[in-house]
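> Protein chains in written order, with numbering that gives the first Met the number 0: chain A, 0 to 645; chain B, 0 to 328; chain C, 0 to 362.
Where hints are given, some of them may not hold.
From chain C, some residues computed to sit far from chain A (all C-beta separations above 12 Å) [as the list claims (entries may be wrong)]:
hint, residue
1, Arg116
2, Gly185
3, Ile243
4, Val286
5, Arg319
If you only want the chain B side, here are some residues facing chain A, beta carbon under 10 Å, derived [stated by the list, open to error]:
hint, residue
6, Ala47
7, Ala48
8, Glu50
9, Tyr68
10, Gly89
11, Thr93
12, Arg214
13, Arg227
14, Gly233
15, Arg238
16, Met258
17, Pro277
18, Phe299
In short, the hints are calculated from the structure, not lab data. Even glycine gets a Cβ: it sits at the ideal position worked out from N, Cα and C.
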Amino acid sequence: MAMNTPVRRPGGGLWRALRGSRKATAGAVILLLFAVMAAFPGLFTSVRDANALDFAPRLGPSTRHLLGTTALGQDIWSQLVYGTRQSLVIALVAGFLATVLSVLVGVSAAYLGGLLDDLLSMLINVVLVIPAFPLIIILAKYAGRGSLTVMLTVLVVTGWSYGANQMRAQALSLRNRDFLEAARVRGERRSYVIVAEVLPTMTSLIVANFMGAALYSVLSAAGLQFLGLGDPNSASWGTMLYWAQNQQALQTGSPLWSLAPGLCVALLGASFALINHAFDEIGNPALRPVRRRGAAPAAAAPPVDSAASDAQSEDSPLLRVSGLRVAYQGARGPVEAVAGVDLTVRRGQFTAVVGESGCGKSTLLFAIAGLLSAPAAVTAGSVLFRGDNLVTMTEKQLNALRWRDYSVVMQSAMNALNPVRTIGAQYRDAMRAHGTFTAEQVRARSVEVLELVGIDPVHLRSYPHQLSGGMRQRAMIAMALLFTPDLVIMDEPTSALDVVAQRSLMVQIKELQQLLGFAVLFVTHDMSLVRHFSDQLLVMYAGQVVEAGPTRTVFDTPAHPYSRGLLEAFPSVRGPRVELRGITGSPPDLARPPHGCRFAPRCPVVEERCREWEPELYPVGEVRARCLLQAPDRRTRPLPPVEATS
Amino acid sequence: MRHLLRRLGFFLLTLWAALTLNFLIPRFMPGSPVTALHDRTRGKVSAAALEQMLTSFGFRPHQNIGSQYLQYLGNMVTGHWGLSIGQTLGEPVTTLIGQALPWTLGLVGTATVLAFLLGTLIGVLAGWRRGGRLDTVLPPVFVVTSALPYFWVALLLILVFSVWTGGLLPSDFNYDNTIVPGFSPGFVGSVLQHAVLPGATLLITSIGGWILTMRNNMITVLAEDYVRMGRAKGLSNRRIMYDYAARNAILPNLSGFAMSLGFVISGAILVEYVFNYPGLGYLLYNAVQNVDYPLMQALFMLFTVAVLAAVLVCDLATLWLDPRARAKG
Amino acid sequence: MTAETAGAAGTAGTTAATGTHGPADTAARPALLETVGLTRHFRVGGGLSRRTLHAVDDVSLVIHDREIVALVGESGSGKSTLARLLAQVYRPTGGEIRYQGRSLATLRGRRAQLAYRSDVPMVFQDPFSSLNPAYRVSHGILRGLALHRPGLGRAERRAEAERVVEAVGLAPAAEILDRYPHELSGGQRQRIGFAQALAYRPRLILADEPVSMLDVSIRIGLLNVMTQLREREGVSILYITHDIASARYVADRLLVMYGGHVVESGPTEAVLTAPRHPYTQLLLSAVPDPRAPLEVDAAAARSDPPAVIDPAPGCRFRARCPLAVDACHALTPRLRELGPAHAAACHVAEADAPSPRASAAPA
């Protein structure tokens with residue numbers, strides 16, 4: 000399942016996501032309140048000139064003076080109200096200009112590339128490293144007190160670089176997106192590509208950056224004014240703080256003079272930070288808050304299979320999965336990715352599970368291995384491994400079995416091997432987790448398994464990125480054999496490789512299996528790949544096994560229309576050119592599986608009752624098929640003829 | 000090799016840019032330093048002596064600007080930073096900085112490193128127990144704390160722990176100046192006491208950022224196949240959390256650490272100002288207030304060098320922790 | 000999600016055309032697009048260690064009118080670089096591309112460039128990244144129409160967009176056009192990719208692995224779209240793929256690339272039934288085939304990627320080749336005619352013999 004996650008579409012989706020975020024709502028409410036205050040200060044106070052020394056000094060809070068008066072005799076509340084405008088203007092204007100500069104520099108650096116990118120990113124980094132606040136202080140001092148323009152300029156000049164860095168990184172990652180290349184190949188001008196194709200996809204980052212720059216401006220401006228580097232006569236929160244500090248407000252019993260404007264700065268800053276954070280979560284949904292499910296998956300007691308009691312007998316299967324169900328808790332309710340799967344693996348048997356993307360084959364695999372993580376969880380069924388139910392085991396009990404008795408090989412070793420540890424260290428981790436071994440024992444065994452897969456043992460000291468794709472994959476298989484387990488679970492271990500490498504790895508896996516006698520549970524989307532390697536084949540569709548049986552029989556006489564469709568979709572390089580058929584339509588949405596047979600909407604031999612009755616797995620000779628046409632009462636009627644496949 | 004050369008070039012370029020800014024700002028701003036200084040000293044020092052002082056930081060109005068610039072660069076690099084022309088008139092800048100530096104290093108350095116370590120650790124735990132109590136409560140709280148103004152947190156702490164409690168914790172200067180400095184228990188205790196509030200201010204305002212970024216990095220890394228592989232291998236949670244997840248999640252934070260030092264410096268200036276803590280930030284504030292060019296220049300250069308040093312340390316740490324970066328170097 | 004099934008073309012579930020295209024009667028026709036010694040090198044590393052990656056080296060090929068040519072190779076063979084050279088994303092390091100007899104290097108001005116781009120559009124590999132997520136799927140088609148057929152008015156553009164969407168088997172067209180990319184399945188998006196190309200009234204579509212990221216059951220539908228476009232719209236297609244078996248079902252001719260070189264070219268059936276180059280033989284033996292018995296080739300066990308960074312002269316396949324002779328280490332083999340319109344770049348391959356033998360070493 001190596002599907003790329005699509006870029007999130009801004010617009011309607013963005014707006015909906017924002018409204019759903021409590022953080023964004025809180026931030027927006029605060030911001031709105033301040034905006035009203037800045038626009039209509041008269042609504043909040045009757046005092047017309049908040050800086051005039053009209054009142055008695057150091058009054059406490061009262062109905063007349065909500066927050067009391069300053070040591071100089073000004074009403075603190077009305078000073079706050081009038082100060083809102085300047086703080087907000089500084090935040091919005093400086094934030095806006097800095098963001099524009101970030102986008103301009105960051106995106107052009109990434110998009111134009113080459114020498115220009117080198118120069119611009121150097122510039123970004125230099126500005127980023129030069130300490131901004133001391134520079135602001137010095138500039139503000141030299142430029143003379145009070146000028147708002149100077150303060151804005153200084154804030155923009157020092158505040159754009161952080162955003163530019165992020166914009167550049169994002170634009171660089173977009174550069175390889177095909178839709179930009181498509182626009183270029185279409186003949187669009189560069190300026191059009193940047194403005195109309197790149198920028199719209201960066202909306203959430205740009206907004207987040209604006210919020211960040213506004214936050215930076217609010218805090219820096221307040222800090223400057225607090226230090227006395229602003230206009231001492233202006234109406235702003237920072238200036239209030241300056242005078243309060245100047246008059247020792249804290250020590251002389253009027254703490255509100257100091258605390259209230261500070262709180263306003265903090266609130267305004269927090270509102271920007273909250274909205275910024277909400278946009279981060281929209282850009283990366285993984286960061287959003289999750290709620291723990293009430294019941295831990297393992298705690299739910301699934302129905303115990305009757306076979307469990309006599310499981311320890313001699314001819315019992317190595318692995319028996321019964322009625323296994325896995326659900327993902329989604330926003331729109333649970334999605335059942337595995338809907339009641341039974342399967343059995345005997346010792347030394349090679350069992351293949353095939354199906355297309357989204358059919359639940361990888362989820363099934365991870366459920367069997369006990370490696371599901373939230374929001375996926377086993378909701379029913381059992382996984383009996385040598386008679387013990389893995390589903391009800393604790394992590395600790397599972398850890399005793401893992402790797403010693405069953406191991407896992409994943410799709411891409413590049414992702415499955417820890418990039419910062421050597422191959423040897425990762426082997427050592429696995430061994431030491433299951434017993435006490437001397438360094439010599441660890442090394443000897445590591446060398447042994449590496450040689451088994453034909454890799455020079457010097458690579459124990461290599462990091463994963465130093466090996467070629469095929470070698471990494473083999474190194475991972477070697478790791479899975481450290482303890483020569485009874486069962487090796489493989490999730491598309493060859494699909495990242497080229498055809499030739501893929502074939503040679505398959506041959507090697509088969510040889511190792513015959514040499515060491517372990518059983519294999521092999522998941523793949525490529526049915527043709529396992530034709531010559533597996534003993535048993537399961538075809539999955541929409542979370543269910545639709546056909547199961549000996550590999551040869553399924554290939555020669557597929558009993559389910561879906562397996563037949565899959566087989567007929569594979570082009571062949573040898574022999575006569577047989578007719579190729581695809582399967583119409585696409586797999587169903589598992590949140591709302593179709594009524595009756597799940598394959599009915601795409602089935603070429605569908606009947607009326609298929610849409611009403613849910614088929615079970617019916618035995619058809621050596622295989623079992625989930626198709627009403629194979630139901631015992633229908634046996635008399637022959638199936639439509641199958642295309643000759645020789 | 001190429002990568003290292005690039006980094007070296009970047010360090011030199013940044014330093015040069017900072018020094019040049021420093022050189023240009025006073026010269027492009029209105030007003031002559033000599034007359035300003037003359038006014039402030041109220042004629043007690045002769046004009047010739049004043050000019051002599053100013054030349055020490057490269058101010059030679061009669062020379063051409065090019066040779067002034069070269070002389071200035073030479074002086075800055077070789078540590079000839081001249082004499083203070085502010086409140087501490089005539090003191091060598093190196094002496095002033097030498098007195099203030101240990102206090103800032105001790106206070107700000109400790110608080111920053113502590114915030115980084117503690118924040119990273121809490122972030123690791125929050126991300127690891129995704130959906131747990133820590134993970135639910137922390138993000139919104141620390142989004143807000145990381146947006147708080149330094150000086151306001153400082154004022155709040157002073158109010159609560161000093162004013163309201165009748166001076167439970169000191170809020171002024173770096174030690175009780177009735178005690179003679181030395182390695183006596185009383186003096187050390189006083190220094191520590193005086194560091195509590197400013198240190199706490201820095202910790203509170205900067206820890207949130209580390210917690211949040213580390214949590215986010217952890218969440219991203221925990222979705223990686225190699226973490227699931229660690230589980231599949233039956234490794235202990237501890238090993239997966241540290242050697243597989245956190246070890247990878249911390250890499251992006253290292254470069255973030257160096258970049259955030261700029262914010263730390265702005266915090267240091269404001270906090271030292273509020274607490275009258277005689278460190279480099281306070282020194283800069285005074286230098287600016289008194290138009291003390293030589294001191295300002297030296298301090299600004301020092302801050303830039305500090306950030307660059309942090310960048311260098313983080314570069315080295317990244318090289319040490321990430322074999323892929325090593326291959327590039 | 001049944002939009003793929005209906006529509007005038009009704010393609011998805013239908014049978015792939017078999018045997019509608021004859022073998023090599025192409026030589027007599029004039030070339031639509033032709034490359035002569037086309038070469039593209041990339042600088043890798045940098046600074047002191049300047050090395051050159053030979054992505055495409057000395058490739059000469061011809062594509063005729065109404066012809067589907069499959070370009071087959073593994074990752075790193077240079078097939079995608081070649082497509083991007085033809086699409087003028089990259090500039091060639093050497094050699095030239097001739098379109099309708101005219102060298103692309105002589106194209107001057109934006110108008111001439113646009114004219115070429117509208118005649119030779121490209122379809123991309125990844126259906127999840129080839130449409131801009133910020134826009135409705137109509138965006139690319141309408142932009143293309145506005146650029147390449149400026150005579151059309153707004154309503155005409157819309158009508159034409161609906162026509163091309165129907166032509167690739169998507170219905171109802173008006174509704175599909177107003178959807179966002181994430182609301183379509185992978186197969187549907189890839190059809191939109193072809194509809195975009197079709198909107199320009201192209202002569203040649205460069206299709207870069209258009210089906211390799213789709214599920215098997217959906218691939219056939221797309222392959223059928225290609226053959227139908229050739230029949231109904233009269234376009235030629237360069238079908239780039241790593242899947243030699245699928246090439247068999249659409250292509251008139253096959254080109255096999257290895258390490259930046261074209262190592263074999265010829266009519267599809269001729270290449271598949273009698274491959275001359277040892278690499279083509281290895282590739283064919285490795286293709287998983289549910290209908291054929293297993294052939295495990297000893298040579299298949301070695302699968303090092305071709306060395307194309309600063310390659311020494313000689314055959315680039317020699318390290319993996321079971322038949323390598325001395326000449327393979329010294330001389331880079333050139334394409335030699337070994338049968339009717341069938342050529343291979345191999346010193347050892349013999350003319351009109353089913354497989355090469357190690358005895359002969361011409362050149």
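> All the hints need checking, so say for each whether the structure fits it.
Against the structure, the hints come out as follows:
1. Arg116: violated, 4 Å
2. Gly185: violated, 8 Å
3. Ile243: violated, 6 Å
4. Val286: Not fine: 5 Å to the nearest Cβ puts C/Val286 too close to chain A.
5. Arg319: Given a closest Cβ separation of 9 Å, the condition is violated.
6. Ala47: Hint on B/Ala47: violated, closest Cβ of chain A at ~26 Å, above 10 Å.
7. Ala48: With a minimum Cβ separation of about 24 Å from chain A (threshold 10 Å), the hint on B/Ala48 is violated.
8. Glu50: At about 20 Å, which exceeds the 10 Å cut-off, the nearest Cβ of chain A leaves the hint on B/Glu50 violated.
9. Tyr68: It is violated, given that the least Cβ distance between B/Tyr68 and chain A is near 18 Å, above 10 Å.
10. Gly89: violated, 22 Å
11. Thr93: At 18 Å from the nearest chain A Cβ, B/Thr93 fails the 10 Å test, so the hint is violated.
12. Arg214: At about 8 Å, which falls below the 10 Å cut-off, the nearest Cβ of chain A leaves the hint on B/Arg214 intact, so it holds.
13. Arg227: holds, 6 Å
14. Gly233: Check passed: Cβ of B/Gly233 comes within 3 Å of chain A, closer than 10 Å.
15. Arg238: holds, 7 Å
16. Met258: B/Met258 check passes; min Cβ-Cβ to chain A is 6 Å, inside 10 Å.
17. Pro277: violated, 16 Å
18. Phe299: holds, 5 Å
Checked against the numbered hints listed earlier, the structure breaks hints 1, 2, 3, 4, 5, 6, 7, 8, 9, 10, 11 and 17; every other hint is satisfied.
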